[in-house]
Every structure is written in structure tokens, then in C-alpha cells.
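Heads up: the sequence lines are chains C and P, in that order. Residue 1 is where the first sequence starts when you use my numbering, and the numbers rise one by one after that. Residue 322 is where the second sequence starts when you use my numbering, and the numbers rise one by one after that.
Hints may be right or wrong, so weigh each one.
What the hints assert, rightly or not - With the C-beta cut set under 7 Å, the calculated list includes, among others, these residues of chain C facing chain P:
#	residue
1	Leu51
2	Pro71
3	Gln72
4	Phe80
5	Phe86
6	His88
7	Phe97
8	Ile101
9	Pro105
10	Pro216
11	Pro217
12	Tyr221
What the hints assert, rightly or not - The calculated label-pair distances, taken between Cβ atoms and stated as ranges, are:
#	chain 1	residue 1	chain 2	residue 2	range
13	C	Gly135	P	Thr329	35 to 43 Å
14	P	Phe398	C	Phe12	16 to 24 Å
15	P	Phe467	C	Val16	28 to 36 Å
16	P	Val404	C	Glu115	29 to 37 Å
17	C	Lys103	P	Val404	36 to 44 Å
18	C	Glu115	P	Ile338	56 to 64 Å
19	P	Phe398	C	Ala162	30 to 38 Å
20	C	Lys103	P	Phe376	31 to 39 Å
21	P	Leu334	C	Leu119	43 to 51 Å
22	C	Thr68	P	Leu332	54 to 62 Å
23	C	Phe12	P	Leu334	54 to 62 Å
24	P	Val394	C	Ser37	23 to 31 Å
25	P	Val392	C	Val16	28 to 36 Å
Hints in this document: simulated from the structure, not taken from any laboratory. This one's a predicted model, so the numbers in the text were calculated from it and none came from an experiment. Note that CB positions come from ideal geometry on N, CA and C, so glycine has one too.
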Amino acid sequence: MSIRATGVTKRFGDFVALDDVSVEIPTGSLTALLGPSGGGKSTLLRIIAGLEQPDSGRIEIAGEDHTTLPPQRRNVGFVFQHYAAFKHLSVRRNVAFGLEIRKRPKDEVKRRVDELLRLVHLEQFGDRLPSQLSGGQRQRMALARALAVEPKVMLLDEPFGALDAKVRKELRDWLRRLHDEVHVTTVFVTHDQEEAMDVADEIVVINNGVVEQVGPPDELYDRPANDFVMSFLGPVTRLGGKLVRPHDLEVFSEPDTGTVPATVVRLVRLGFEVKVDVVVGDEELWVQLTRGEADRLALGPGSPIHLRALGAVSRPPARAH
Amino acid sequence: MFGAGLATMWLSLLVLIPLAAVVWRAQEDGAGAFWDAVTAPEAAAAIRLTVVASFIVALVNVVFGTLIAWVLVRDDFRGKRIVEALIDLPFALPTIVAGLVLLALYGVGSPVGITLAYTRAGVVVALLFVTLPFVVRTVQPVLLEFDWEMEEAAASLGASRLTTFRRVVLPNLLPAISAGTALAFARAISEFGSTVLISGNLPFKTKVAAVHIYGQIETDNTTGAAAVATVLLVVALVVLVGLDMLQRWAARRA
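Build the full structure now, drawing on both the sequences and the hints.
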């Protein structure tokens, strides 16, 4: 089901967490709210869930106004960064919680819990307590618990933030596959651009309480709306005062159309990619090359080179030909 | 290994050997004498009063101790730090001073118009006064460490506030409440100083077991004193073990 936030504003004292934010999240999508810490993305998620009340604005889920509805009646699944596992209950009872609250028949609860435990690969862990699980297992349990009540939408607040890098990578692949299986509209908050690009169909970049840009990962990467989005979504460097991606710089050994002369300062080989630090006048920048390119140009500290930003050729027509 | 040995020795020297000595003393004149000592009408009345009053005090503490701890952790109000400091006062005060304070307030010619002197209600109030900190101070740290996101998780799963409290918050507090209650109860059945002034120590009416034991020793009936002491010991043990079992049972079926 779709989610629509219209003109949502939220202040905490003097701090403006969200400033007139409007976002639309289509049914069945997997959307990332991406941005730096304190940018307002978690607040937006909590407002959608009803865990926080907006000062103004409107929240609709599946076309119905949810703005003043308490969280109990929104039927959204919420997953917390630190799992919020019910410590005194076994994994099974955690997953069954929402169904037991709804007084579903015992055999139905059992069947559904078994099914969910299989889905999150915890079928042998049903009788354990949350404290006997690893972080990744706890988060999968929390996901199963949220999915148990067949929520209209799933909201995940930095779901992998408390996990170590390897588990994080595994879980996000798993989340992607799970979403392809379950198809429930899912929104997750992250400050990790790689995670957002890897998992999401659509990314909403939020910074300083406003939405900077919305779009699919490729579009945001290739056509960022502003310098903030550009620098947040990938590596950047500066040539002639303009932000460019280090892999979008062409390197020549002889002057060419639109090139500027530069000098190599240092080469760092990172496996197949080579990071080349250069100076153009008194401006320092870096260029990302493949090992093949760097070898072909026979680069070394002090080499004179000529740089051009990709796509810059046609732009200054005065210098063309 | 060494640590365990040292702990056992320490516990034996301070607790087990003296307790064993009391139990030994109680049965020295035979089972008959023991039975006579504890079923003597005055002794039985004192034991009954002490145990019943202690149960009442324990129950009141479960509710109000938890409530005070809750308010201290979750609410912000003016004078919170003063209340925070006051909680421990009954514990820090010499109990006889507590008795004096209560006598001044609720004694004959009470300035607030409530006279509890020489009544069983007075005994209960004195016990409540000295046992106040136990549940508060055991529950408070658990609430401070409490993962309140559990509440939000329960809410988003559809649980009302009451259901959340009953099914999520309370089960997580239960071990602390139970431990605090056990301490409060144990303190209440052994209390002497705070009750001795306000109760007037009327036999069959307001004399508590500890005062009765003291009276028996004063009249050179050491065996009688030891017999009543043994009964208190058994009651305390039963309650401590019982609460522990209750807590385990609750944890299993939460």
C-alpha cells in the first residue's frame, strides 16, 4: 500500500527535524530514506508509524488519513535499530505477540509463526530467548514479529546499523530477496549510501529536515539535483571549482580539447583501481583510474598530464574544435 | 575455587553458625518445650501480628514502591531530586529515631489529629516507613536500563497501553519487584526500633515478635526467645524461597 506524507513539519524545541516534507511512496516499493544523522529521516519514519506526532502536515496510508491515528491502529510493521526484542519471551512468543494480542486461534498462531520462522531462517531457534541469539538473528526475529500481523507497510529504522559489516551485507541481500518474495511496501532508514543503492528501488535523500531529491539509485548518482546529493551519494572531487566524480575525469598525456594541464603527486593502488592525487595550479584533486589505464599512461609522481571532465567537451562551445 | 571457599567461610562465620546456634538453643530443652514456647498465647499472638503486618507491608510496597520508582524514572517534576534523596532517609535513619518521628506525629495528642499510638495500624505504618526504600531502589535501576523501544514495538503490533504494561513491562520488572519485596518483608518481620515506641508493646495487641524475643531474654527465658526466633527464621526462609519460585513460575508463563 502506498504512503503519502504531505507538508510534514516536526520541531523538537528549537530544532526543526522536518520542514514541510512531502514524499510519496508507491505500493510494493522498497524505498530508502537516506541522509546524514540528525537529518530528520528517522523522525519521518516514526511519524509514518505514529510513534511521533507531526506538528503539522498529513500522513496517508493506502489513501486513508492516518495523521491522528495511534500506532496501535495503523497496522504498520516497525523494526528498530536495536531490535526492541521482548527480552522475557522466547523467539516464538516474540513472533506470536501481535497475533496473540489479536486473539487469533492457537493453531492459526502456531501455523503462522512456524511459517515466519522458516521465512527468516530461525526455525531451530524458536525456543531460545532473544539474549541467546546473535544480532543478525535478533533482527530477523524482529522482522518476523513485524511481518506476523500482515502489516500494510513495513518501516525499518536503521535496521542494520547495530550489526558488523559482514552480517550487514548478508542481511541487506536477504532483505532484498525477502521483499521480492513478500512484496509489502517497505521503507528503511539508512545513512549508508552504499546500502541504499544496493537495496532500494527508490531513494529519498533527506538532509536538514528537507527532501533534497527523490529517484531511483542510478538517477540520483548520475543526475544529482545539487552538490549535497552528489557528494553524499558517491566520491567527489573538485576541478575548476566544480564538483565531479573522480572516475568521470579523463586523463591524457598530450593536451586535447578542453583539457587542463596537471601534475601527478602520488599514486595509490587499491587492487584493480588506482587513486591518483594530482594538482592543477594550486588546486588539489584526485582521479580514479583502472590499473590498465594508469599503466598505459605510465604515470608516476611528477608526471605531467592533461585532465578533462567527462561530458565537458560539448559544454563550452567556444572551445570546441 | 578459592573465591568460593572464602565466600562460604565468610557466610558461615557471619550467618550460618549464629543461625545454627539459635536453632540449636531453641530445641535444647526438647521438642515439647519448643512447641510450648511458640504456642504460648502471648508468643503466638506476637508471631501472628508480625507475620500478618509484614505481609500487608510487603503487598503495599509492591504497589507503591513500583509506582514511586516509575514516577522517579519516567516523570519530570519540580523537587524530584529532593524526593530522590528522601527515599533513602528511612533506611539511613536509626530505627529508634524513625519510631520517635512517628510517635511525635501520630502519638497521643497528634498534631495532625491522627492517633496511631498503641494500635496495630501504628505498627503497620512504622513498618511501611522503614521498608519504603527496598522496592523503590531495586526497581529503579531496572527501569533506568529499560528498553522503552519494547513499548513502542508492542504499540506498533497493536497492544494497548494496559496490555503493553501487563505483557511487556511488568514481566521485565517482576524479578526486581520480587527481590525488593523479599527484602521489605524480611526487614518487616525483624523490625524492632521503629515499632517499639508507637506500638506500646501491648501483649496480644501490638507487641511484635522482635519485642517479644527481647522480653523473653530480659526474663531469662533464652530458650523461649530462641524458639520464637527460629519461627521467624523459618518464615523468612519460606517467603524468600516462595518469592523466588513465584518469580520463576511467572517467567515461564509470561
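Which of the numbered hints above does this structure break? 9, 10, 11, 12, 16 and 21
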